[in-house]
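J.: Protein chains in written order, with the working numbering: chain P, 19 to 272; chain R, 19 to 272; chain E, 19 to 272; chain V, 19 to 272.
Note that these hints are calculated values from the structure, not bench results.
Misleading hints may appear alongside valid ones.
Chain copies aren't distinguished; within one or between two, either way the pair holds.
[As the list claims (entries may be wrong)] Each computed EDC-like pair below joins lysine to aspartate or glutamate, with the alpha-carbon atoms no more than 16 Å apart: (1) K153 - E120; (2) K21 - D158; (3) K194 - E102; (4) K223 - E205; (5) K194 - E265; (6) K70 - E120.
Residues per chain are reported as follows:
Number of protein chains: 4
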Amino acid sequence: MKKRIELASDMGESFGNYTLGQPEEVMKIVNSVYVACGYHAGDPLVMHQTVKWCKQYGVVLGAHPGFPDLMGFGRRYMKITLEEARDYVIYQIGALKNFAEEMGVKIVTAKPHGAFYSYAIENEEQAKAVLDGLKTIGSDFAVALPALPVSPLHELLKESGIRLIGEIYPGLSYKKDGGIIVTRKYEADPEKESRIVMKYLKTGKVDTIEGTEVEINAESVLLHGDIPNAPEVILTIRKTLEAEGVEIRAAIES
Amino acid sequence: MKKRIELASDMGESFGNYTLGQPEEVMKIVNSVYVACGYHAGDPLVMHQTVKWCKQYGVVLGAHPGFPDLMGFGRRYMKITLEEARDYVIYQIGALKNFAEEMGVKIVTAKPHGAFYSYAIENEEQAKAVLDGLKTIGSDFAVALPALPVSPLHELLKESGIRLIGEIYPGLSYKKDGGIIVTRKYEADPEKESRIVMKYLKTGKVDTIEGTEVEINAESVLLHGDIPNAPEVILTIRKTLEAEGVEIRAAIES
Amino acid sequence: MKKRIELASDMGESFGNYTLGQPEEVMKIVNSVYVACGYHAGDPLVMHQTVKWCKQYGVVLGAHPGFPDLMGFGRRYMKITLEEARDYVIYQIGALKNFAEEMGVKIVTAKPHGAFYSYAIENEEQAKAVLDGLKTIGSDFAVALPALPVSPLHELLKESGIRLIGEIYPGLSYKKDGGIIVTRKYEADPEKESRIVMKYLKTGKVDTIEGTEVEINAESVLLHGDIPNAPEVILTIRKTLEAEGVEIRAAIES
Amino acid sequence: MKKRIELASDMGESFGNYTLGQPEEVMKIVNSVYVACGYHAGDPLVMHQTVKWCKQYGVVLGAHPGFPDLMGFGRRYMKITLEEARDYVIYQIGALKNFAEEMGVKIVTAKPHGAFYSYAIENEEQAKAVLDGLKTIGSDFAVALPALPVSPLHELLKESGIRLIGEIYPGLSYKKDGGIIVTRKYEADPEKESRIVMKYLKTGKVDTIEGTEVEINAESVLLHGDIPNAPEVILTIRKTLEAEGVEIRAAIES
Chain P
19 MKKRIELASD MGESFGNYTL GQPEEVMKIV NSVYVACGYH AGDPLVMHQT VKWCKQYGVV
79 LGAHPGFPDL MGFGRRYMKI TLEEARDYVI YQIGALKNFA EEMGVKIVTA KPHGAFYSYA
139 IENEEQAKAV LDGLKTIGSD FAVALPALPV SPLHELLKES GIRLIGEIYP GLSYKKDGGI
199 IVTRKYEADP EKESRIVMKY LKTGKVDTIE GTEVEINAES VLLHGDIPNA PEVILTIRKT
259 LEAEGVEIRA AIES
Chain R
19 MKKRIELASD MGESFGNYTL GQPEEVMKIV NSVYVACGYH AGDPLVMHQT VKWCKQYGVV
79 LGAHPGFPDL MGFGRRYMKI TLEEARDYVI YQIGALKNFA EEMGVKIVTA KPHGAFYSYA
139 IENEEQAKAV LDGLKTIGSD FAVALPALPV SPLHELLKES GIRLIGEIYP GLSYKKDGGI
199 IVTRKYEADP EKESRIVMKY LKTGKVDTIE GTEVEINAES VLLHGDIPNA PEVILTIRKT
259 LEAEGVEIRA AIES
Chain E
19 MKKRIELASD MGESFGNYTL GQPEEVMKIV NSVYVACGYH AGDPLVMHQT VKWCKQYGVV
79 LGAHPGFPDL MGFGRRYMKI TLEEARDYVI YQIGALKNFA EEMGVKIVTA KPHGAFYSYA
139 IENEEQAKAV LDGLKTIGSD FAVALPALPV SPLHELLKES GIRLIGEIYP GLSYKKDGGI
199 IVTRKYEADP EKESRIVMKY LKTGKVDTIE GTEVEINAES VLLHGDIPNA PEVILTIRKT
259 LEAEGVEIRA AIES
Chain V
19 MKKRIELASD MGESFGNYTL GQPEEVMKIV NSVYVACGYH AGDPLVMHQT VKWCKQYGVV
79 LGAHPGFPDL MGFGRRYMKI TLEEARDYVI YQIGALKNFA EEMGVKIVTA KPHGAFYSYA
139 IENEEQAKAV LDGLKTIGSD FAVALPALPV SPLHELLKES GIRLIGEIYP GLSYKKDGGI
199 IVTRKYEADP EKESRIVMKY LKTGKVDTIE GTEVEINAES VLLHGDIPNA PEVILTIRKT
259 LEAEGVEIRA AIES
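Chain P on its own, in the form it takes in the complex (with noise of 0.2 Å):
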């Protein structure tokens, strides 16, 4: 059985004066969070303020480059160029990192938000210009995905000798090739998210939607930081897996 594994949200992502959530608090109970970088959420007060909180509660900073679509949360698919995507993620990544720098913070991991992801992960070209402007980080960064299915920019990581976190999402059903069904409803059931977690951890292998199981690879467990009650959902999930002895860590410690 794994004994260790790391809680991780999506972060940062209000916009102007529009809060999503409360984050603050999630980042207080969180091990790892990927930050909006201001093209589909996120804006510069957001991210400044977002950056201190990962100093302030020792939180891992990642960088979460989108679409450039506040209007629609960078969730709809866009056909850009190899070049623009490339170039929307060297943009993102400087801002983000400017405000990391000023601050002694430095930007360990990253992966494409929402449709950009879906982008990412359609061809290798595409896989290369996301991952062209992901180097912009430095020389040392891990990118977090779903473990499956093995798509080119996985293929890519690989190649590159890029570290893969690989994702578990307690909240998402799964489909029997590993693959995630998002849905823009969520509901929060923390017992169950625990059930699932604590299965993973035991097993290896999560539930489908199919009915049977498959294996992923998994050190990060996401969990949604948007809905309204997320701090108490995420907080009884870590509790519920610190009390099966579980140690609620980062994957990667900066």
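Dock chains R, E and V against chain P, hints included.
T.: Quick look at chains R, E and V alone, frame taken from chain P:
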């Protein structure tokens, strides 16, 4: 008589499908540029291309952060907070720096754009907020500003030991206090502009609309890079100055 | 004693993935709303939904055009030109009107939002530019404004024969000239707000921070619709007023 | 032989400080324009000015709603929902209609712009969503589309009894199914384009890249209005056609 001067231009102000002027042609004949960072103008592709030209043509790279107002090209005063001012600059500087670092180019100079400049000279607090943002460029950079009138930003630069590059604007009119009158319409007269620069080089003075002269301290001639015939205009000025034995060279070399 | 008053709220301020407050619950208990039109807040889906609720719950539809500044929620003063002011209003009014007409609803009232209101009362020219834009609503509409102090916009409405709906703000503080002090932070105290409205209904006056009273002429109580518990707060105020025999009813019916 | 044809152009695609081509000069020589509505291009000032020119030069006003993607000029496919498609069109139509009504001009035609057109012809549901939005123009309008190939949108127009204006694109290449090949780069050859139009008028056919001919049914010649020398190009085509006795006249008069 001063025997050396820099030719500079605002740059990277195209956006998406919109190209402003003939940017590459201008890049070939100026020494230094101030590059828009995606808020008042510019986008990631334009920034990438502009930094590439800086490298290719040996042009000094300056950052030109602006207000988040693409529709108004950053020329409309916005009453933003000090935190917003600082963080908008950090965001934009970071984005540009990431393109620069990725290509092995250094940001050497900076100045706030348009109405953000008006904001930055308005009082000490606002000057400090903007300068705090600019300081994320690194330990060594210069700020280009009108030499006169002396503003809280000028004083803050002095106190901080940050080098000020005084600019002369041969295309604009001067008031007797050394302040310039910014106009939207601009007609380029290369002969007239050359005469103004030559007079300045010989006497250290420019004529004012009141009929007097005012002494300024400029190392850089700022020329309009966005008018359709900018390359011809700038080239004419350049040749006129060279014919008079003036060395055309960057104020600070990277 | 006045025996009738309107309860009103700003509305339609959600955007994309961001929902502000509990809009539908507020729609059920107010008489009149001012709907954001996609510049400072709101988007086409939100506008569509809000107009639909107006129809469903019999709420008077008002237009709430704002500055093109989503990042600042239209609360930051922008020095736009008169043409921009007029055309930004025409654009936003048109968009809202099209949703309204498509559903058989009429725009009955309007007011400029946030810092655009500050712009509109600053001088006669600006007042005229904004009002010229509002006039595209049609031949018959009312403008909601703080009853005091009398501004160039108030005077222009009078000259134009456009009805003014005076607003009372029980959640804000008043100065002795009848002007309000707008604050970002807002704590709703339904008892206190009910008392303020009742005092106004009985005496025609509100207390000021200077310790004096000032007479105002209001037909509408503007309540914060974007705070998390807005529905409870508004409902409490509504019930308190009704218990005192006050008729809660729209100032102008469509 | 057909003795009458319309010259049309996309229009109102400038934005803020960015002017695309020489719009007023084009307005003087075409019969009909499709005006951007602030999503993929255009802004309130540009829309106002363009409608004014329509009135001044007697040009038929068409609406050209696009994707909310200024950075990509609406040319990148976005997987928006049906509700978004419909409401984005309603919003943009409303904005344009308000400028038109304010100046006593009528919107006579419409078509979705760029990638929004691709979206609209993809399937019946999407066609319906876009058309539902366009119907807010009023009871009587025409939709301009490539005559071929027949798409779900074409069929829906037929069923709805909405008049279709077939367009011919002398600056683009045709495939044997009558479909056009859209290219980003475009070189205008007025003689060649005049020949293509004349051939069409005489034979009802255009050449294809496969070496065959295809019969199309066009009433309108769509010309590029955004290239720098568009006015000269269009004027040359216009004169060539007139010299051949072709009447240049709007397909539908307002």
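J.: If any of the earlier hints don't hold here, list their numbers in rising order.
T.: 2, 3, 4, 5
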